[in-house]
Amino acid sequence: MRGVNKATVIGNVGSDPEMKYTGSGQAVANFSVATNESWTSKDGEKRERTEWHRIVAWGRLAEICGQYLSKGKPVYIEGSIRTRTWEDKEGNTRYTTEIHAKEMQFLGDSRDSASANTGGEQSQPQNSTPLEIPENNMDDDIPF
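Per the working numbering, the sequence shown starts with residue 16, numbered consecutively.
Hints may be right or wrong, so weigh each one.
To be verified - Distance condition first, Cα-Cα at most 25 Å in a straight line; then the derived PhoX-like pairs of lysine-lysine: (1) Lys104 x Lys21; (2) Lys35 x Lys86; (3) Lys88 x Lys35; (4) Lys57 x Lys117; (5) Lys117 x Lys88; (6) Lys117 x Lys61; (7) Lys86 x Lys117; (8) Lys88 x Lys21.
As the list claims (entries may be wrong) - Distance windows between CB atoms, simulated: (9) Tyr110 x Gly59: 12 to 22 Å; (10) Gly40 x Arg62: 45 to 55 Å; (11) Met34 x Arg99: 15 to 25 Å; (12) Ser95 x Tyr36: 19 to 29 Å; (13) Lys21 x Thr100: 14 to 24 Å; (14) Gly59 x Lys35: 24 to 34 Å; (15) Met16 x Arg62: 11 to 21 Å; (16) Ile25 x Thr112: 15 to 25 Å; (17) Glu102 x Lys57: 38 to 48 Å; (18) Thr108 x Ser39: 44 to 54 Å; (19) Trp101 x Asp58: 39 to 49 Å; (20) Thr108 x Glu63: 28 to 38 Å; (21) Ser85 x Thr23: 14 to 24 Å; (22) Arg99 x Lys57: 32 to 42 Å.
If you are wondering where the hints come from, they were derived from the structure by calculation, not from laboratory data.
Backbone N, C-alpha and C define an ideal beta-carbon position, used for all residues, glycine too.
Can you make the complete structure from the sequences, with help from the hints?
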């Protein structure tokens, strides 16, 4: 049976995209997205946890991310989960798990709303109610 590797996150951009280019000139954007989960504990206290997701976009999608995304902006990302392995300077094997973005949609006010996919197409938002994501002061939660 064939498996499914699909990840969807809706959250706030945690860092401005870092743009790089491969030897062949292909654009690569690396950035983080924060998602928040809240619940009420057994003793009735409201709790919240922030999860950080590493995002990698390639090609035209990377260029769009680099040009239009910035820290704090709400965004929808869809892609697949990949784990990279490498050796650090001390020879230790290291791992990092990333979401390789296939689609991205800006969320927020209509001036910023557009969507992008790996084909580099952008479309104007349809007449639908945009997803409301409350603006958080993310500086308090950023661990770096």
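Evaluation of the provided hints:
Taken as a hint, the Lys104 and Lys21 pair is broken in the structure, with Cα atoms around 32 Å apart against an allowance of 25 Å. A threshold of 25 Å between alpha carbons decides the hint, and for Lys35 with Lys86 the separation of about 18 Å falls inside it, so the pair holds. Only pairs whose Cα atoms come within 25 Å are accepted, and Lys88 paired with Lys35 is accepted, the gap being roughly 21 Å. Restraint check for Lys57 and Lys117: the C-alpha separation of about 39 Å exceeds 25 Å, so the hint is violated.
Restraint check for Lys117 and Lys88: the C-alpha separation of about 19 Å stays at or below 25 Å, so the hint holds. The suggested pairing of Lys117 with Lys61 is violated, with an alpha-carbon distance near 35 Å, which exceeds 25 Å. For the hint pairing Lys86 with Lys117, the CA-to-CA distance comes to about 20 Å; that is within 25 Å, so the pair holds. Restraint check: the Cα-Cα separation between Lys88 and Lys21 comes to about 23 Å, which is no more than 25 Å; the hinted pair holds.
Roughly 38 Å separates the CB atoms of Tyr110 and Gly59, a value that falls outside the hinted 12 to 22 Å. Between Gly40 and Arg62 the Cβ separation comes to about 46 Å, which falls inside the hinted range of 45 to 55 Å. The hinted range of 15 to 25 Å is satisfied by Met34 and Arg99, whose Cβ atoms lie roughly 19 Å apart. Checked against the hint of 19 to 29 Å, the C-beta distance between Ser95 and Tyr36 comes to roughly 22 Å, which is consistent with it.
Against the hinted window of 14 to 24 Å, the Cβ-Cβ separation of Lys21 and Thr100 comes to about 22 Å, which satisfies the hint. Look at Gly59 against Lys35: about 47 Å separates their beta carbons, and that is not inside 24 to 34 Å. For Met16 and Arg62, the Cβ-Cβ distance of about 38 Å falls outside the hinted range of 11 to 21 Å, so the restraint is violated. Checked against the hint of 15 to 25 Å, the pair Ile25 and Thr112 passes, with Cβ atoms roughly 18 Å apart.
A C-beta distance of roughly 44 Å is found between Glu102 and Lys57, which places it inside the suggested range of 38 to 48 Å. Against the hinted window of 44 to 54 Å, the Cβ-Cβ separation of Thr108 and Ser39 comes to about 28 Å, which falls outside the hint. Under the hint 39 to 49 Å, the C-beta atoms of Trp101 and Asp58, about 43 Å apart, fit the expected range. The beta-carbon spacing between Thr108 and Glu63, approximately 33 Å, falls within the hinted interval of 28 to 38 Å.
The hinted window of 14 to 24 Å between Ser85 and Thr23 holds, with their beta carbons roughly 21 Å apart. Between Arg99 and Lys57, the C-beta spacing of about 38 Å keeps the proposed range 32 to 42 Å intact.
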